[in-house]
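Chemist: This is what each chain is made of:
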Amino acid sequence: MDYLNYLRKDKMPHIWCDGCGNGIILKAILRTVHKLGWDKNKIALVSGIGCSGRTPGYVDFNTLHTTHGRALSFSTGIKLANPDMHLIVVSGDGDATAIGGNHFIHAARRNIDLNLIVFNNYIYGMTGGQASPTTPSCKFASTTPYGNPDSPFDISELAKAAGANYVARSTTFHTARMDRYMEQAFQKKGFSVVEVLTMCPTSYGRANKETGATGADMLKYQKQNSISIKKAADMSDEELKDKFVTGVYVDKDEPTYLEKYQDVRDKANK
Amino acid sequence: MSDKNTTRLMQGNVAIAHGAVAGGCRFFAGYPITPSSEVAETLSETLPEVGGTFIQMEDEIASMGAVVGASIAGKKAMTATSGPGFSLKQENLGMAIMAEVPSVIVDVQRGGPSTGLPTKGSQGDVMQARWGTHGDHPIIAVAPNSVEECYYMTVRAFNLAEKYRTPVVILTDEIIAHLTEKITIRPNSELEIMDRDKPEDSPEDYLPYKMTDSGIPPMANFGEGYRYHITGLVHDETGFPTNDSEEATRQLMRLNTKFDKHLDEILDYEEFNTDDMEILILAYGAPSRSAKRAMQVSREQGVKSGFIRLKTIWPFATQKIKELSHKVDTIVIPEMNLGQIAGEVERLTPDSTSIVKVNHVNGEAIKPKEIVNAIMNKD
Numbered sequence: 001m002d003y004l005n006y007l008r009k010d011k012m013p014h015i016w017c018d019g020c021g022n023g024i025i026l027k028a029i030l031r032t033v034h035k036l037g038w039d040k041n042k043i044a045l046v047s048g049i050g051c052s053g054r055t056p057g058y059v060d061f062n063t064l065h066t067t068h069g070r071a072l073s074f075s076t077g078i079k080l081a082n083p084d085m086h087l088i089v090v091s092g093d094g095d096a097t098a099i100g101g102n103h104f105i106h107a108a109r110r111n112i113d114l115n116l117i118v119f120n121n122y123i124y125g126m127t128g129g130q131a132s133p134t135t136p137s138c139k140f141a142s143t144t145p146y147g148n149p150d151s152p153f154d155i156s157e158l159a160k161a162a163g164a165n166y167v168a169r170s171t172t173f174h175t176a177r178m179d180r181y182m183e184q185a186f187q188k189k190g191f192s193v194v195e196v197l198t199m200c201p202t203s204y205g206r207a208n209k210e211t212g213a214t215g216a217d218m219l220k221y222q223k224q225n226s227i228s229i230k231k232a233a234d235m236s237d238e239e240l241k242d243k244f245v246t247g248v249y250v251d252k253d254e255p256t257y258l259e260k261y262q263d264v265r266d267k268a269n270k
Numbered sequence: 001m002s003d004k005n006t007t008r009l010m011q012g013n014v015a016i017a018h019g020a021v022a023g024g025c026r027f028f029a030g031y032p033i034t035p036s037s038e039v040a041e042t043l044s045e046t047l048p049e050v051g052g053t054f055i056q057m058e059d060e061i062a063s064m065g066a067v068v069g070a071s072i073a074g075k076k077a078m079t080a081t082s083g084p085g086f087s088l089k090q091e092n093l094g095m096a097i098m099a100e101v102p103s104v105i106v107d108v109q110r111g112g113p114s115t116g117l118p119t120k121g122s123q124g125d126v127m128q129a130r131w132g133t134h135g136d137h138p139i140i141a142v143a144p145n146s147v148e149e150c151y152y153m154t155v156r157a158f159n160l161a162e163k164y165r166t167p168v169v170i171l172t173d174e175i176i177a178h179l180t181e182k183i184t185i186r187p188n189s190e191l192e193i194m195d196r197d198k199p200e201d202s203p204e205d206y207l208p209y210k211m212t213d214s215g216i217p218p219m220a221n222f223g224e225g226y227r228y229h230i231t232g233l234v235h236d237e238t239g240f241p242t243n244d245s246e247e248a249t250r251q252l253m254r255l256n257t258k259f260d261k262h263l264d265e266i267l268d269y270e271e272f273n274t275d276d277m278e279i280l281i282l283a284y285g286a287p288s289r290s291a292k293r294a295m296q297v298s299r300e301q302g303v304k305s306g307f308i309r310l311k312t313i314w315p316f317a318t319q320k321i322k323e324l325s326h327k328v329d330t331i332v333i334p335e336m337n338l339g340q341i342a343g344e345v346e347r348l349t350p351d352s353t354s355i356v357k358v359n360h361v362n363g364e365a366i367k368p369k370e371i372v373n374a375i376m377n378k379d
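Protein chains in written order, with the numbering used here: chain A, 1 to 270; chain B, 1 to 379.
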């Protein structure tokens, strides 16, 4: 496939730093769209604010760059107004689970047909490396100079508990797996979440030396520290510390909001 | 919908909901809040009947976001709230202003600040409607004073939103919202319904924020083959962000002056006895009902009072008020706030003009007698 068929060439170069993992995720999104043969006119790619928030500007779809944390709210409106559209929502860890946390759990509860890709780099990159809701305990960020006193969210477990039909987690190192998860997610009716653990060498890597300070180092670190969800099931919390658990967390077919709302319309017109 | 006039008793909030559907609303997203909830409750019943969508969102912020999203995808969309919720909506209201997305926001005003007086009337959000979201921006706000007007003003709000690519705030209040009175509903076929201008350019040539003569660029809906970009960042004519100072000035000045050429259509007010008046009463919303009565009573008592009722609050009817203020020395302004519109009038009129404010912030309606006393210069 030719990625350029899906990119706005005149908007390059992009603003992402050297070694950032966002481009790897973006390419996986485009490969999936290409594989599924979706009509570009019927795709809306929606974001909030942050590094991930700049993704829509680069892709040749209907694109919407909303306010911080609110991408899922706007996408809910688009999907309900035009159910023929495919909604791809991209959001960072801060955007999706801090300022947008309420929208995240309710989109999952509602099981509305949106495909959320979370770019989880455990830090606020755009604003200069502050701690986010997924920064692990004791790790360093520009607002946790003594180590993070907070506990992190597990985004995939959160989405699963809140009711999403499909949830999976990959790293940017595991591109084949990421492609597979995205393909399953994009075809799933109802709310789907693919959480991708990505690297931010500029902010996170520089502050936390053990992960390495370049994109390549951080990819290697992902490879060395990833555990499948099956293996993780038999491991203790202590053993799982600083590990990246990947795999499919949920794959079910509960009725979606759109299906249930069609019932409402039918009842209203009886 | 009937093809004849139908007359019935109706509550203000219910009339707004029915007016919305008549005006073409097919999407509502909201969050429960007193004293606006009847708008949502009514639309939860009526929208699915016409193939529309009602959704109760997780909060006020999400409701406003969903409304903007639905409008971008081509549906006429509305939300309803009250002061505390209106505060939360300011963020995505700003997005609708910046991205120029038609939308209607009903604010049933209650006493504030904060949780305030949830079950009592107020006009405390007049300035929040004007300046609640950050940055310099244009806004349209209208204020009904009867149940019938709740209906037709909502139809008009959708028309203004579509024609001028803007959010429109229906600034009603608990008194009008919970008033039940007679309303005559005309057949839909007799209503003027406006839709947003669609681009005539091909998708390749389409500029979503084009500098048009009217100041209002045509709008393509998502999914119709125009793959363009919408952002809350300052953008150029293509819709993509720009940091260029000259381009930012050009686009922001177009945005901020886009109603200027259309004030004749946007501004709406009614005047009574302003030809021979020696004192002017200016009011809007619930207090305007008492103000009209006060005009009659004061005339019976020998004072030639005139009355202007603002139906459009924002943009402000600057020229009209300047013109009327030259005819009188005193303007009496009853408001259920501490003088938010009185301040606007004050800065338009010479120092010699006396502005007499009649204010309530306790949720109680302003009675005609209080306005008459102000006119007669009695406490």
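Since the hints were made in silico from the structure, they are not lab data.
Be careful, since some hints might not be right.
Claimed, not checked - Not close to chain A: a few residues of chain B, all C-beta gaps over 10 Å, as computed:
(1) Asn92
(2) Asn188
(3) Thr231
As the list claims (entries may be wrong) - Label pairs and their in silico Cβ distance ranges:
(4) Arg265/A - Asp3/B: 38 to 48 Å
(5) Asp150/A - Lys322/B: 27 to 37 Å
(6) Gln187/A - Asp205/B: 26 to 36 Å
(7) Lys231/A - Glu247/B: 24 to 34 Å
In this text, a Cβ means the ideal position worked out from N, Cα and C, and glycines have one as well.
Chemist: Give a verdict on every hint.
Modeler: Going through the hints against the structure:
1. Asn92: violated (6 Å)
2. Asn188: Per Cβ check, Asn188/B is outside 10 Å of chain A; nearest 18 Å; holds.
3. Thr231: violated (4 Å)
4. Arg265/A - Asp3/B: 38 to 48 Å: Violated, at about 24 Å.
5. Asp150/A - Lys322/B: 27 to 37 Å: violated (57 Å)
6. Gln187/A - Asp205/B: 26 to 36 Å: Holds, at about 35 Å.
7. Lys231/A - Glu247/B: 24 to 34 Å: Violated: the Cβ-Cβ distance is about 54 Å, outside 24 to 34 Å.
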